[in-house]
Every structure is written in structure tokens, then in C-alpha cells.
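Chains as they are written, first to last, in this note's numbering: chain L, 54 to 388; chain C, 54 to 388.
Errors might be hidden in some of the hints.
As the list makes no split between identical chains, a pair holds if one copy fits it or if it spans any two.
Said to hold, decoys possible - Computed cross-link-like contacts, DSS-like style, restricted to lysine-lysine with a CA-CA straight-line distance of at most 30 Å:
(1) LYS235 - LYS127
(2) LYS140 - LYS127
(3) LYS267 - LYS140
(4) LYS198 - LYS235
(5) LYS198 - LYS245
(6) LYS267 - LYS198
(7) LYS198 - LYS140
Derived from the structure by calculation, the hints contain no laboratory data.
2 protein chains.
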Amino acid sequence: MTSIALDAMGGDRAPAEIVAGAVMAAADGVDVVLVGERDQLLGELDRHGAELPIVNATERIGMGEDPARALREKPNSSISVAARLVKGGEAGAFVSAGSTGAAMAAAAIVIGRTEAVHRPALASVIPTPAGAILILDCGANLEVKAEHLLQFGVMGSVAAEVFFGQTSPRIGLLNNGEEPGKGRNLERDAFKLLSESGLNFVGNVEGRDLGADKADVFVTDGFVGNIALKTTEGVAAMVATMVLDAVSSLSDEVVEQVAKAVRPIRDRLDYENTGGAHLLGVNGVVVIAHGSSGRVAMRNALRMARDGMERDLVGRVRDQLTAIERERNVRALSP
Amino acid sequence: MTSIALDAMGGDRAPAEIVAGAVMAAADGVDVVLVGERDQLLGELDRHGAELPIVNATERIGMGEDPARALREKPNSSISVAARLVKGGEAGAFVSAGSTGAAMAAAAIVIGRTEAVHRPALASVIPTPAGAILILDCGANLEVKAEHLLQFGVMGSVAAEVFFGQTSPRIGLLNNGEEPGKGRNLERDAFKLLSESGLNFVGNVEGRDLGADKADVFVTDGFVGNIALKTTEGVAAMVATMVLDAVSSLSDEVVEQVAKAVRPIRDRLDYENTGGAHLLGVNGVVVIAHGSSGRVAMRNALRMARDGMERDLVGRVRDQLTAIERERNVRALSP
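Okay, chain L solo, but in the shape it has when bound (with noise of 0.2 Å):
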């Protein structure tokens, strides 16, 4: 059970470069299965002289259906397929660059969430100058109640244990203002959730921090986080455009020099670096690359997905939630 089932049709640039990525990763002796149009893939392994085992699926699902529709009328779509996969216990993990939907669909229909959760959740990477944040709900429940975003809150924190080794990781809620009863009902009912909850909460946290290292993980709905995710990649990239324009009229050798010490930076920025998001609260663990993605973002969401099983995610989630759910109806019944 711990090899990864990797949806090798999904992405703008599959099946090339996906089996590009899997090959890299298991040089790194990452443990991926390919899923897809068999043919197709012995003929990109072969240019890599490379050996992989593949699960055959002849149907490929597109970035424009509609997810639910696409699941059930191509049951063997190379979506289905991985996500059965780890369903039926013959992988751990599932690594999707294809639609989002589809892959957040597949993983909540198929896969099916783990005890103790309410509501799957997609938690995003965004790097930053300190290292890297998560935020999430990114876009799987465009509305919810202040019991969802505690439960953000609690899988959030152990993703950002598993992913970035980090302990006790700081959890801040997502707000128009740092003071406490700053927000919509929501958040003043979170705010109180996550006070009790025994995480490290930190309290309410602006879309300025987002780079300000305030806090390890960001919890909001899907909607808010959706508009924040691509905000910050959208400002990044125009900010970004904007120096080396600037930049682009200097000497040759200034722009040189710029440009070599600028490129971290960009590096940094990259999605390719982040190894994409996460669907936690499912029972394996999902990552879902960027739709562009290229070999190196493969390579990144393969060893992510690794960690992840290596570190047990689902199951500390499981424990994790169950845990302060029980606190919550002691707590209730006490008088």
C-alpha cells in the first residue's frame, strides 16, 4: 500500500511530461504506478529506457466537463481508474494534474472521506520569503459552517506537520481584521471553535500576511481562499513582469546579473516548486498538481504524496479530529 497511483492523462502536458516526472521520482525510488492509455505510455517510457508499472485506462477525462458527469459516463477514465486504486487498497496515494473537479470528485465519491470529517478540504502551498504557508478550504466547499473551518483548522495542521516537518504549526483565521470579533458570523464563530480547540491558534489573520509570516495555515472557506490563492499567484506574476521590464533597458551585463540573482526568487514563486495541493480529509492521500505542470512539478507532487503515506497523514487526521471532536462533547455535556 504505499505505492501512488498517478493519473498519467490529466495536465496540459500529459502524457510527456507526467511520465517524465514519474520516471525522475522513481529514481528517487518514489513508488508510482502509471495510469492510462497503456500504448501510449510504454512508448514514453521507452525514450526514457525507463520501466514503470502501468494500469491500463482508455478513457481521459477534459478540464472543461462537468466532473460529476464526466465520473459516472467514463468510469475508465484514468481520473476513475487511480482513484479505484487506492479505493480498493492497491495504492495509497493518488497524484492527479488533470481537472481539479474531477480529482476532488473522484476522491470524495470513490476514495470516500475519513472517519471524523465532515467536509474534504483542498489545502494549496504558497511559498513564501520564511518558507512555505497552506491555506485552505481553496475551492472544495464554497460554503460552510464554523464546525467545517475548525476542521480546516485541525487537518490543515497536521498537513503542514507532515509536509513541512514543522511542530505545532500556527493556525490563523482568515479575516478582514486582526481583532478578535472582526468578520461575518462565521468567522466570530470560528474564532471561538478554533480558541478552545488546543491547536496553536493565533487568531484572526489579514490577506496581507500572506507573506508576513504570522502563520503557518490559513483557514477560510473555499470561496475566500480560492479568490486569495489566485490573487497572490496573479499579483506575484504581475509584480514579477514588472521588474525585469523595468530591468530590460540596463546593460546587458546589469540585466544579466539581475536576472541570475532574481531567479531564486522566481524559482520560489514557481508552482512547479510547490508540489501542488492537497485534498486532505479523504481516506489517501490526494495531490492535485497544476493543470501546466511540467516534470518537475510531477517529481514534487510524487515525493509529497510519498511523505505523505510515509507520515501517515490520513491517519493522523483520523485521530486528530476524532480526538477533538470527543473533547468537544465533553465539554458539551460538562455542566
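Fit chain C to the given chain L structure using the hints.
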């Protein structure tokens, strides 16, 4: 009624920088009335050898105070007195770098809503490579209905015409995806209303479009708008810092050249040059500047206030909203 009531006591750097900005604006022909503690303001004017009309206000509302309570308990605060000047017709605009909450509350309660406006909204200016965009609401209304988002679209359209000189500004609905049908019930309903509004509605826009010249006005609720705005500020600052750090190890000559090339970007992204946010939908032009505003920011805020008066922001908002509401009623009655 063409003078601007300036809260000279509001802001981290009041009154010195506020008065300095007023003196600069007055030299440009802007008609400013200083509102605040007379003796202090006379002392500040003396430094510049300038004379400006003063209306005495003996109290001051601090940044941390509860807005509604502060307004009730401090009727002689500079914010209250300035708002009453607009209410009484002695000024046509109100500018403050003080507490955003208190300034918004004073505008809504004292100056009052414009006819046909359901909810006043805070529109912030974000500079972009292509110019600038408006995003509203940025915090006046955390939870809204679809009809409110329609009105925000109308008010934002008028404001973009008035402040940016745009004809037929592009109105986008901030959403978690581009396709129609995306979003919460709120966005799906608002999409329909905006489509039928006669505005230049370009459909759904995403967080990553904030710097991408896809729309001139981004419409959303006050919670999401606040998060998106502050995320933009935070990420822009983060990337600028990372770039300057990366370059700092190069030779002095290169650093100097790069700093010179990058300065115009920093200036563009600097709130000092944006002139602040606009509270739309009240019976006067209201500009709320950043709390940390210096003289340049204040001069720009005062210029924007003057533009708003000269180009009849208030009357145009009222007329456009009235026309659109009439049109909706006619449609609702037609068979």
C-alpha cells in the same frame, strides 16, 4: 459647495503631513477647509507660510475606537464636524486619513445615503501595469445580496468614469472561475442581474485577473474585497522585498541602476499615489486615505475629491441607479 472638508486630525501622521498635503493641493487650486484643533493647525500653517480656512473641532477619534460609539460620544470630533459641513452644504466633499470605520459611519449616518442606493460601498484603487482598477466593496458590507452587487457595479462604473476618465468601463464579477454558473448562489444571481443591466459587463473574473487588464471594476462583497485588496498589498510588498534583497549583493553600481529602474514600479504600487478609497453611494464625495498617508497621498486624495465634485459623482450615481431600478421595475411588470 465646491470646497473640501478635510479631517486634519486623522491619520498616523496628523496633523503635520495632512496640513502639508492640503497646502500642496491648495497651491494646485483645490479649495480646502481644514477641520481640527485651531491652534495646532495655525501652527502647522505657519511653517508653510500659508493661510487656509479652518473650522475648529476639539475632539479626535482614535484608530482603535468603536466607530458608532465614538461618533455618538464625540460630536465635536474632526470627523463628525467635517461630515456635518457636507451635510449642511458648506462643503461638497469629505476627506479623511483617520479611522476608516468612523469615516464610513459618519458618511452614512451624517451625510446620508444617496436616493436609490441600498448600501454605500467602499471602492479601493489598485494600481496595475495597465493603469488602475477599482475593487468594491472593500469592507463596508461584509454580507450582501445580489441586488447590492448590481448596485456596486453601477456605482463602480460611474466612479471609473469620474476618476479614471474611462468611457464604458469594463465591469467584472470576482468569482472562483470564469465560466458562467461559477460561484455561490450570490454570484450566480448577481451574474444574471449584471448581464441584464446595460453595464459593460465582461462576466466573471478571477483573483489572478487583478493585474491582468481584464476589467476596470471588480465587484464583490465587502469580506472578499477586503481579503483580495490586502492580499494584493501584501504580495506586492513581499515580491518587491524579495527582489531588492536578491539584488543587494551585487555591485553598488548595479544596485543603483536597478533601484532606479525599479523605483517607478514601487511608486506605482505605492498607495501614496493612488489617492485612497472612495465611499460611493452617499450624498457627498468621500475619500478615505490610508492611515499612514503623508503629504503626497493627501494631495492626491484632495485632487480626487475635487475631480469627484467637478464631474458630479454623486448626481451621476443617483441618476444611473434610478434609471436601472426603473428599468428593472418595468421588466418585472411586463408580461
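Quick rundown of the hints versus the structure:
no., hint, in the structure
1, LYS235 - LYS127, "between (46 Å within a copy, 23 Å between copies)"
2, LYS140 - LYS127, "within (17 Å within a copy, 65 Å between copies)"
3, LYS267 - LYS140, "neither (38 Å within a copy, 42 Å between copies)"
4, LYS198 - LYS235, "both (16 Å within a copy, 20 Å between copies)"
5, LYS198 - LYS245, "both (13 Å within a copy, 27 Å between copies)"
6, LYS267 - LYS198, "within (24 Å within a copy, 33 Å between copies)"
7, LYS198 - LYS140, "within (28 Å within a copy, 41 Å between copies)"
Checked against the numbered hints given earlier, this structure breaks only hint 3.
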